[in-house]
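S.K.: These are the residues of each chain, in order.
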Amino acid sequence: MKVRGFFQPLTWFTGACYLFLYLPICVLVAFSFNTSRFSVVWRGFTWEWYIKLIQDPLVLDALKNSLIVAVVAMILSTIIGTLTAYGLYRYRFRGKTVFDGILFLPIVTPEIVVGISLVIFFVLIHVNLGLKTIIIAHVAFDIPFVMLIVRARLQGMDRTLEEAAMDLGADEWTTFFKVTIPQLLPGIIAAALLAFTLSFDDFVITFFVAGVGSTTLPLKIYSMVRLGVSPKINALSALIVSVSIILITIADRLQRKSV
Amino acid sequence: MDVSVELKGVTKRFDEVTAVDNVSLKIRRGEFFSLLGPSGCGKTTTLRLVAGFEHPSEGKILINNADVSNKRPYERNVNTVFQNYALFPHLTVAGNIQFGLERKRTPKDEMLRLVVEALDLVRLNYMGDRYPHQLSGGQQQRVALARALILRPEVLLLDEPLGALDLKLRKEMQLELKSLQEKIGITFIYVTHDQEEALTMSDRIAVMETGRLAQVGTAEEIYEYPKTRFVADFIGESNFFSGKITAIDDNHLYLITDGGLKITLPADKAHTAGQHINFSVRPEKFRVEPEPGTSDWENQFIGEIVNKIYLGESIHYVIALSAKENINVFLKKERSGPQKTVFSIGDKVHVSWHRDDSVILVD
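Going down the list, the sequences are from chains A and B. Going by the working numbering, the letters in the first sequence line up with residues 1 to 259, in that order. Going by the working numbering, the letters in the second sequence line up with residues 1001 to 1363, in that order.
This is chain A alone, in the form it adopts within the complex (with noise of 0.2 angstroms):
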């Protein structure tokens, strides 16, 4: 196809903008491999990082928490998420405007407030900072997304079937599980996968709230940052972007999928 005028400067200035974007990122990806120990200049490829990277105790131990925290903030995000997207589409009450409006809130709040905020909560219930509160924390910031995920579903969800399920003999929860849960699952999954991914993440609010001896992976890496700069971050890094790009893309494919 011919792309004459306005249109011309336009895929340029798109393309830009990708490469802009994405350019960093590469060039980390591919210093990982560098030779060099200053990331700089390119001397050749090698694995070399990735094996002391996998030999790094204190690098295994934050990859374990990370894991730890990531794995329980998404199946207890998602369960609750979806159970609170399902009253909210569900049932009419006072108010539900009201809730339905500031599901927003919390994603659009900095995540430095909440960060504060939980510490100074945290404080308060003399609660001791850990991987139970980064748990809790994680929880919290990915409740909102599920939600979203999990309503859009919903609204896409013909009604009628679960009156059919009814009709049919099924009880409420018989109902839910044998029709509603199918019906949504697609989404459900895909807000799991994101949930896993922000809480995998997350340095700002997981910063906060982290006690002794629960460093996780992006905490790991800022410290070592502070030493300088090393391959074994880029590897470290890359590592992270790779696994948040499959868990993003399978969550998009499941999301676009409609029965």
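Hint data in this document are derived by calculation from the structure and do not stem from the laboratory. Each hint should be verified, as a subset may be incorrect.
For lysine to any residue, the following SDA-like pairs were computed, each having C-alpha atoms within a straight-line distance of at most 25 angstroms [stated by the list, open to error]:
#1 Lys178/A - Met1127/B
#2 Lys64/A - Val119/A
#3 Lys1104/B - Phe93/A
#4 Lys178/A - Asn1084/B
#5 Lys178/A - Lys1104/B
#6 Lys96/A - Val1017/B
#7 Lys1071/B - Phe93/A
#8 Lys178/A - Ile1277/B
#9 Lys178/A - Tyr1074/B
#10 Lys1108/B - Tyr1131/B
#11 Lys1227/B - Ile1277/B
#12 Lys1071/B - Val119/A
#13 Lys178/A - Ala1066/B
#14 Lys1071/B - Phe177/A
#15 Lys1104/B - Ala1066/B
#16 Lys178/A - Arg1130/B
#17 Lys178/A - Pro1107/B
#18 Lys1071/B - Tyr91/A
Using the hints, position chain B against chain A.
M.R.: Here is chain B on its own, set in the frame of chain A:
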């Protein structure tokens, strides 16, 4: 009378809107009963009340003589065929059909036998492994039917089940549904806005208007003796007249219309001379002739053809009987025989009809 479903003064309000207004009905066991009316008349809400998706604001619903007004849908021995079929997209045809049996914990081998039987009943043999989206509209419709019938309900509720099908398939399914109903003998309550569909299939019809029952009766009763202007207008077509009664004797009621026509109607004890009444005449009840004298019917007038619409099987004439009164007349087109039935616009014609073909309306 063996009553299957009874509604006693049922009213349903949604906030300010009264969807169903004091409806009382008795539906016989094994009857094909239709709820007919324009959209928004409350027919679907009435059906949903019987199904249990809604609960009455006032009144009672009895199924098999037991009060079910506050029972949940899964506590009632009724099943529904939905307008959009509502097949479960994540289950196969067999999975859909056995959904109800699974809820009843029917043994596996019996379930298998019943599913095969149900598929056979709706002529979908060997389709059990397909998914709903792989079926045509007509096939989906039959799966919905099989899914509901396999539970042997006391009553089957059908909410415009043929609405999404094309005309030819709809006609076929009408006959199929009717013969199926006769074969299995289950009470059907059928909601439709299509008067022709209701007339074709039903043992009895309830015509609804703004939440109320306008008239309940057989197809013939409703067509031949509509009680109100709404019914006469909604079922088929009608010519409406209004006039003042001049005299009444044992067999006749005489009146003069607003346009000055002197008309003879069948006697009606409920009315007295001097009263103003409305009546209707169906468009196919008229005799239209070029010459006077061959008709011995009481009401004879000279009119002028003002419009003519060719309908294929018949011709629709608009004939002016007076300055105020035009009538619509359907005449079969006959090329031979004693009657010349093809007229042109502007022709003077002799119009006559029998007194019994005038139906007095209550409003």
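S.K.: For every hint, state whether the structure bears it out.
M.R.: Against the structure, the hints come out as follows:
1. Lys178/A - Met1127/B: Distance ~22 angstroms between Lys178/A and Met1127/B Cα, so the pair holds.
2. Lys64/A - Val119/A: Holds: Lys64/A and Val119/A sit about 23 angstroms apart, inside 25 angstroms.
3. Lys1104/B - Phe93/A: violated, 34 angstroms
4. Lys178/A - Asn1084/B: holds, 20 angstroms
5. Lys178/A - Lys1104/B: Roughly 14 angstroms separates the two Cα atoms, so the pair holds.
6. Lys96/A - Val1017/B: holds, 22 angstroms
7. Lys1071/B - Phe93/A: This hinted pair holds, its Cα atoms lying about 23 angstroms apart.
8. Lys178/A - Ile1277/B: Violated, because 59 angstroms separates the two Cα atoms, which is more than 25 angstroms.
9. Lys178/A - Tyr1074/B: holds, 14 angstroms
10. Lys1108/B - Tyr1131/B: Since the Cα atoms of Lys1108/B and Tyr1131/B sit roughly 21 angstroms apart, the hinted pair holds (cutoff 25 angstroms).
11. Lys1227/B - Ile1277/B: With a Cα-Cα distance of about 13 angstroms, the restraint between Lys1227/B and Ile1277/B holds, given a limit of 25 angstroms.
12. Lys1071/B - Val119/A: violated, 50 angstroms
13. Lys178/A - Ala1066/B: violated, 30 angstroms
14. Lys1071/B - Phe177/A: holds, 22 angstroms
15. Lys1104/B - Ala1066/B: At roughly 21 angstroms apart (the allowed maximum being 25 angstroms), Ala1066/B and Lys1104/B satisfy the hint.
16. Lys178/A - Arg1130/B: Given that 25 angstroms is the threshold and the Cα spacing comes to 19 angstroms, the pair holds.
17. Lys178/A - Pro1107/B: holds, 19 angstroms
18. Lys1071/B - Tyr91/A: holds, 19 angstroms
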